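With the hints as extra help, turn the sequences into a complete structure.
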Amino acid sequence: MIRPIALFLALAMLSACSSLQQTATLEEVANAERMRQLAELDVWTMQGRIAVKRAAGSGQGKITWQQSGEDTDISLAGPLGSGAINIHWVPDEVVVSGADLDVQHRYTGSDAAEQFLAEQLGWPFPAASIRYWLLGMPNPDLAYTQDFGADGALLRVQQSGWQVNYERFAVVNGYVLPAKLQVESDAVRLRVIVDKWFLIE
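Numbering (the numbering used here) for the sequence shown: 1 to 201.
Don't read these hints as lab results, they were simulated from the structure.
There's no promise every hint is true.
[To be verified] Across the chosen pairs, the derived CB separations fall in these ranges:
1. G174 with Q115: 32 to 40 Å
2. A32 with R54: 32 to 40 Å
3. L155 with A187: 17 to 25 Å
[Said to hold, decoys possible] As a list, the in silico DSSO-like pairs of lysine-lysine whose alpha-carbon atoms are at most 27 Å apart:
4. K196 with K62
5. K180 with K196
6. K53 with K196
7. K180 with K62
8. K180 with K53
Fair warning: this is a prediction, and the values are worked out from it, not measured in the lab.
Note that beta-carbon positions come from the ideal geometry of N, C-alpha and C, so glycine has one too.
Structure, rendered in structure tokens:
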């Protein structure tokens, strides 16, 4: 025969487990929906400023990132040198041009963009993942962890040896998008301030 107090404790524990499971499920659903909505943004442009800090020195400049499906166009001025460099990146191929370059440079391979940027910068630039981080989501193709504030806002993403801290968001066409973020690894720290978002839905 089950004693009343034992029955009460068993029911209380079962109720607590059910509540915790329900809360976790609701959070997972809300996060999955947020990521689904952001992933549907196929065409967008971000204009802003980027500051770089590492052991060998620091610098700052301007960045424009244009995304159209899997095609990426990046314009950087400052951190890569005195002149602007334009990077046109499609899967497995990168074409680089700029005022200080005599000819276009073409690179092939799945990690061509990251290889080129690492050569020019002297430190790794997470090109394949930063397109997602700029939108406020992790790269869905790689393992990650996320931390959220008490209000449900995204605080940070940890992925592939990088930590992305989100400091400010803005509402653009109904989407909550980063306005200020910091991306850092053991080798370098990048701070990005977004001046403008342009979205095509």
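Hints versus structure:
1. G174 with Q115: 32 to 40 Å: Check passed, 37 Å falls within 32 to 40 Å.
2. A32 with R54: 32 to 40 Å: For R54 against A32, whose Cβ atoms are near 35 Å apart, the range 32 to 40 Å holds.
3. L155 with A187: 17 to 25 Å: Since the Cβ atoms of L155 and A187 sit about 23 Å apart, the hinted range of 17 to 25 Å holds.
4. K196 with K62: holds, 12 Å
5. K180 with K196: Distance of about 11 Å is within 27 Å: holds.
6. K53 with K196: Given pair K53, K196 holds - Cα atoms ~23 Å apart, limit 27 Å.
7. K180 with K62: holds, 14 Å
8. K180 with K53: holds, 16 Å
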